[in-house]
Amino acid sequence: MHELPATEGILRVALDAAQGAGGGRIREIDLVIGELTSMVDDSVQFYFDLLARGTPAEGALLRFHREPGELRCDGCGRTSAVRAPLPPSCPRCGDLRVRVTGGQAFRVDSIDLDPDPTPTPSTGVSA
Amino acid sequence: MKIPVVTQILKANDSVARENAVLFEERGVTLLNVMASPGAGKTSLILATAARLDEGLRPGVVEGDVASSIDADRIAEAGIPVVQINTGGNCHLDAPMLRSALEHLDLDALDLLFVENVGNLICPSNYRLGNDTAVVVASVPEGFDKPHKYPGIFAKADMILVNKWDLADVFDFDLDFFTRGVRMVNPEVPILPVSCRDGYGLDAWVSWLESRIPSPVPPGV
Numbered sequence: 000m001h002e003l004p005a006t007e008g009i010l011r012v013a014l015d016a017a018q019g020a021g022g023g024r025i026r027e028i029d030l031v032i033g034e035l036t037s038m039v040d041d042s043v044q045f046y047f048d049l050l051a052r053g054t055p056a057e058g059a060l061l062r063f064h065r066e067p068g069e070l071r072c073d074g075c076g077r078t079s080a081v082r083a084p085l086p087p088s089c090p091r092c093g094d095l096r097v098r099v100t101g102g103q104a105f106r107v108d109s110i111d112l113d114p115d116p117t118p119t120p121s122t123g124v125s126a
Numbered sequence: 000m001k002i003p004v005v006t007q008i009l010k011a012n013d014s015v016a017r018e019n020a021v022l023f024e025e026r027g028v029t030l031l032n033v034m035a036s037p038g039a040g041k042t043s044l045i046l047a048t049a050a051r052l053d054e055g056l057r058p059g060v061v062e063g064d065v066a067s068s069i070d071a072d073r074i075a076e077a078g079i080p081v082v083q084i085n086t087g088g089n090c091h092l093d094a095p096m097l098r099s100a101l102e103h104l105d106l107d108a109l110d111l112l113f114v115e116n117v118g119n120l121i122c123p124s125n126y127r128l129g130n131d132t133a134v135v136v137a138s139v140p141e142g143f144d145k146p147h148k149y150p151g152i153f154a155k156a157d158m159i160l161v162n163k164w165d166l167a168d169v170f171d172f173d174l175d176f177f178t179r180g181v182r183m184v185n186p187e188v189p190i191l192p193v194s195c196r197d198g199y200g201l202d203a204w205v206s207w208l209e210s211r212i213p214s215p216v217p218p219g220v
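Residue numbers (numbering that gives the first Met the number 0), protein chains in the order written: chain A, 0 to 126; chain B, 0 to 220.
A hint or two may mislead.
To be verified - Some chain B residues judged to face chain A by a derived CB distance under 10 Å, without partners named:
hint	residue
1	K1
2	V5
3	K10
4	S67
5	N125
6	D144
7	P146
8	V184
9	Y199
Unchecked claim - Derived list of chain A stretches under chain B, where covered just means 3 residues or more per stretch with a C-beta under 8 Å from a C-beta of chain B:
hint	segment
10	4-13
11	32-39
12	55-67
13	86-95
As the list claims (entries may be wrong) - From the derived model, a few chain A residues whose C-beta atoms are all more than 10 Å from chain B:
hint	residue
14	H1
15	A20
16	R52
17	L112
18	P116
In short, the hints are calculated from the structure, not lab data. Glycine included, C-beta positions come from ideal geometry on N, C-alpha and C.
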C-alpha cells in the first residue's frame, strides 16, 4: 500500500527530468532502493504501470538496483550484510556497538530518454 | 539517451514540507509529529501532555486516521482545537495533507501543534511534514523487538517514548534489547519510559518538550 505514493514520486521525478532534458519518451528508469526500506519491487511496478498511462513514461521499464542492508561494528571495525529484523549484535564478533550504514537509499539515479525529434534548423539555402 | 538524475523519490513531499516549515516558523509554532503503531497510546499521550504543559503554551492537534473521528472527539472534549484528516485508506500523513488541514486552524493562537500520524510503523517515517520534531511512541505490550524489526521509524525519531511502562514487569520488557536496536540506527536519541495511565515519566517528557519550544518574543522587542 505504501508503494503508491512512493511510485507517484518516482513518476514525478522521471517526468521532471525528461522535461528538463527537452522532452521525449522515457524508456527506462533506474532506481536505487535500500533493502531496509520495505518497498516491494512488484508492487512499485504495478502502481507505475497504472500511473504512467497517458504520460511520456507509459510503458517504461523500471530497473531496481537494490542497495544491500549493511551493519558496521564499532568493535571489530568490520561490516556485515543484514536484512530486517536486524541482528541484536555484530554477526562477526558479537559486539553490541553496531550501526546501520547501508540499505536506506530511495532515489532515482537516471532515466533513459528517447528524445523528441528536433526540428531541422532552417539552413537558409533554399532556392 | 541516458540522463543522470540522482533525485530523492520523495522530493515533492519534501518541498511542501519545507513550505510548511517556513509557515510554522513565521507563526512561532512548534510541530510535533507523533508516530506509533495502532493502540500504542498516541491520543492518550497527547492528552496527558497537554494537561501538563506550561499554562502559557497553547496546544492544537491534527488527527490523522484512515477513518472515523473517535480520536478527534476525545481531543475536542478536552477543549483543545483539533482538525481531523481522514486519509481514506492511505497509511500515513504527508506534507500536502497537513497543509490542507492547516487552513482550518488559527496558527496565531497556537504554540505547539501535535500531529497524530496514522497508526503504522512503516510508512509515516518516509514523509516529513515540516520542521518536525519526530516522536515515536512505542509501548510495552508491542514487545521489545520492534526497533530491530522496524528500524526505519526509529532512525528518524528525535524522541522515543516507551508507553504503558506500568506493565513492564507483566510483559518482561527488555529495555536493554530495545535500546540496542534503537542505537544501531539512531545513536543519540533519548529513550524515556512513560505511563499515561499512572503518569510515570511524563514530567521528564514534558520538560524535554518545553525545552524545544522557543520562547515567544516579547511584544515591542
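Outcome of the hint check:
1. K1: Nearest chain A Cβ about 5 Å off; hint holds.
2. V5: For V5 (chain B), the interface hint holds, since the closest Cβ of chain A sits about 6 Å away, which is under 10 Å.
3. K10: For K10 (chain B), the interface hint holds, since the closest Cβ of chain A sits about 7 Å away, which is under 10 Å.
4. S67: Since the shortest Cβ distance to chain A is 18 Å, the answer is violated.
5. N125: holds, 7 Å
6. D144: holds, 7 Å
7. P146: holds, 8 Å
8. V184: Cβ of V184 (chain B) sits 5 Å from chain A, so the hint holds.
9. Y199: Where the cut-off is 10 Å and the nearest Cβ of chain A is about 26 Å from Y199 (chain B), the hint is violated.
10. 4-13: holds (count 8)
11. 32-39: holds (count 3)
12. 55-67: Answer violated; 0 residues pass the 8 Å Cβ test.
13. 86-95: Our answer is that it holds, as 4 residues pass the Cβ test (under 8 Å) against chain B, meeting three.
14. H1: The claim is violated: H1 (chain A) sits with its nearest Cβ about 4 Å from chain B, within 10 Å.
15. A20: violated, 5 Å
16. R52: holds, 19 Å
17. L112: violated, 5 Å
18. P116: Non-interface label on P116 (chain A) holds, nearest chain B Cβ at 12 Å vs cutoff 10 Å.
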